[in-house]
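Asks: Sequence:
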Amino acid sequence: MSQLPSQFSQSALQDYVDCARRFELKYIQKMRWPAAESEPIELQEAHMRRGALFHQMIHLHHLGVPPEQIATTEMDDDLRLWWQAYLESDVLRNLPQNRYPEYTLSVPLAGRRLIAKYDLLAYDQSRGVIVDWKTSLRRTKQAVLEQRLQTVVYRYVAVAAGVISADQLTMIYWFATHPEDIAILPYSQAQYEQDGHYLIALLQEIEKREVFDLTVHVKRCFYCVFRSLCERGVSAGDFEGIDEIDIDDDAFDLDFDQVAEVVF
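For the sequence shown, the working numbering gives the first residue as 3, with consecutive numbering after it.
Be aware that one or more of the hints could be misleading.
[Said to hold, decoys possible] Taking lysine-lysine and the BS3-like style, the derived pairs with C-alpha atoms no more than 27 Å apart in a straight line are:
no. : residue 1 : residue 2
1   : Lys32     : Lys210
2   : Lys143    : Lys210
3   : Lys32     : Lys221
Read the hints as simulated data drawn from the structure, not as lab findings.
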């Protein structure tokens, strides 16, 4: 079997939890399969471009570029609405002053490296806040967000890296399509310890695994690019029916010389 990756992001772990076979194809065999996630492909591509540009605009804003200058960016109606909602959001007014956009942290865990790339990490001596800007079509349910590996990994890594204590940390999901319906997920030392045990067990399970089975939840295959390879269908799922379309957190060039890491 090909070698396991030396580092794991929340996306990789979520892929494994959703479908071990998808994880194997994507991260071990590093296979590229020419299939669309959803159809019509034009709508998906336009949404992805819009989401990427939105994240870039927010990044510039937190680097100090004036909003009026960023507003000269060519925007369609949806992106313009997202940008205006972002500027008017109470989330910005209530964040700690030390703010780090597009910030990456890495910590060692179970012989591997666990990576978190934050849309925004803000903290001071009294509290820390993780903010993730979501451009999904729907507002994800709170219970689902609490179970997602993004929530587990992002909060765990921030504490393990020594940024802030668990009891002082909160994670916020802000939805561009539902700007008033903010998801706030506080953290705790007990949850941090539980997450650590879970993540270690998950990495050890992957390490020992010899057969990476297909998911029994066939619906997940509708929006997977490997569905035809796995004989789980040819046509992609309907774009309007997808639960979440967002920026792929693995789609970035990572220079480990620029990654803050805790050494134990």
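Asks: Hints first: check each against the structure and report whether it holds.
Replies: Hints, verified against the model:
1. Lys32 / Lys210: holds, 19 Å
2. Lys143 / Lys210: violated, 33 Å
3. Lys32 / Lys221: Holds - the C-alpha atoms of Lys221 and Lys32 are around 23 Å apart, at most 27 Å.
In terms of the numbered hints stated before, the structure departs from hint 2 and from no other.
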